[in-house]
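Enquirer: Listed here are the chains, written in short residue letters.
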Amino acid sequence: DAKTTQPPSMDCAEGRAANLPCNHSTISGNEYVYWYRQIHSQGPQYIIHGLKNNETNEMASLIITEDRKSSTLILPHATLRDTAVYYCIVRVRTGGFKTIFGAGTRLFVKA
Amino acid sequence: GAVVSQHPSRVICKSGTSVKIECRSLDFQATTMFWYRQFPKQSLMLMATSNEGSKATYEQGVEKDKFLINHASLTLSTLTVTSAHPEDSSFYICSAVPRVLSYEQYFGPGTRLTVT
Chain S
1 DAKTTQPPSM DCAEGRAANL PCNHSTISGN EYVYWYRQIH SQGPQYIIHG
51 LKNNETNEMA SLIITEDRKS STLILPHATL RDTAVYYCIV RVRTGGFKTI
101 FGAGTRLFVK A
Chain D
1 GAVVSQHPSR VICKSGTSVK IECRSLDFQA TTMFWYRQFP KQSLMLMATS
51 NEGSKATYEQ GVEKDKFLIN HASLTLSTLT VTSAHPEDSS FYICSAVPRV
101 LSYEQYFGPG TRLTVT
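Here the protein sequences line up with chains S and D, keeping their order. Per the working numbering, the first sequence starts with residue 1, numbered consecutively. Per the working numbering, the second sequence starts with residue 1, numbered consecutively.
Take every hint as true, because none was put in to throw you off.
Here are a few chain S residues that sit away from chain D, every Cβ distance over 12 Å (derived from the structure):
{"no.": "1", "residue": "11"}
{"no.": "2", "residue": "13"}
{"no.": "3", "residue": "21"}
{"no.": "4", "residue": "28"}
{"no.": "5", "residue": "29"}
{"no.": "6", "residue": "56"}
{"no.": "7", "residue": "60"}
{"no.": "8", "residue": "67"}
{"no.": "9", "residue": "68"}
{"no.": "10", "residue": "70"}
{"no.": "11", "residue": "72"}
{"no.": "12", "residue": "74"}
{"no.": "13", "residue": "77"}
{"no.": "14", "residue": "83"}
{"no.": "15", "residue": "108"}
Taking beta-carbon pairs under 7 Å as the criterion, some of the chain D residues facing chain S (in silico):
{"no.": "16", "residue": "43"}
{"no.": "17", "residue": "93"}
{"no.": "18", "residue": "102"}
{"no.": "19", "residue": "103"}
{"no.": "20", "residue": "108"}
{"no.": "21", "residue": "109"}
{"no.": "22", "residue": "110"}
Which bits of chain S does chain D cover? Going by a derived footprint, with three or more residues having C-beta under 8 Å, they are:
{"no.": "23", "region": "42-51"}
{"no.": "24", "region": "89-95"}
{"no.": "25", "region": "98-104"}
Keep in mind that the hints were calculated from the coordinates and are not lab data. This structure is a prediction, so every number in the text was calculated from the model and none was measured. All C-beta atoms, glycine included, are put in the ideal place defined by N, C-alpha and C.
All chains, please: the whole structure from these sequences, using the hints.
Expert: Below is the structure:
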């Protein structure tokens, strides 16, 4: 079973920041938080991952709470092309892992 | 970046026939490949894990005789849907784990299967 809980859908105005929350209260000490997104009829696209520190790359920022029980993915300036389903996943970063997808959040970016 | 391809991107077949989907890691060797299935408006469901040179491990509820997985080389895994039925129509996605950096995972673009 998926170890994460996300809101089923969210709206965001184009140009504004999109903040997507994720709860992972049962996360283990050696599990990382990963975010992927899936645009309609495509394979999942990696966005970002982190263990306990906040992370930023060219696509997004990842904020992980100090207790690591929740996190937020931030798309700083959402565009229409960011409309997609966003999946928050927790998994280990060693060999033999499995990636189990939850229901994800369907983000609609509106003009 | 690491690239995973799938072939075909979409396929239509008649009920009762078998169809093979290929998953290739183009610029790296993959010791492990995963196969997922996704129905419309649903999330990805892990079907099986295939390791090069050994039998695939299927998730609970996935029929191993219906979904044949072969991982014959470090760059190719195939999923064969045998005796396909309309309810097998779905989006099939593979992902590959590099032999080096075995904690990473790269997804393919998916294959749309329609069984008529």
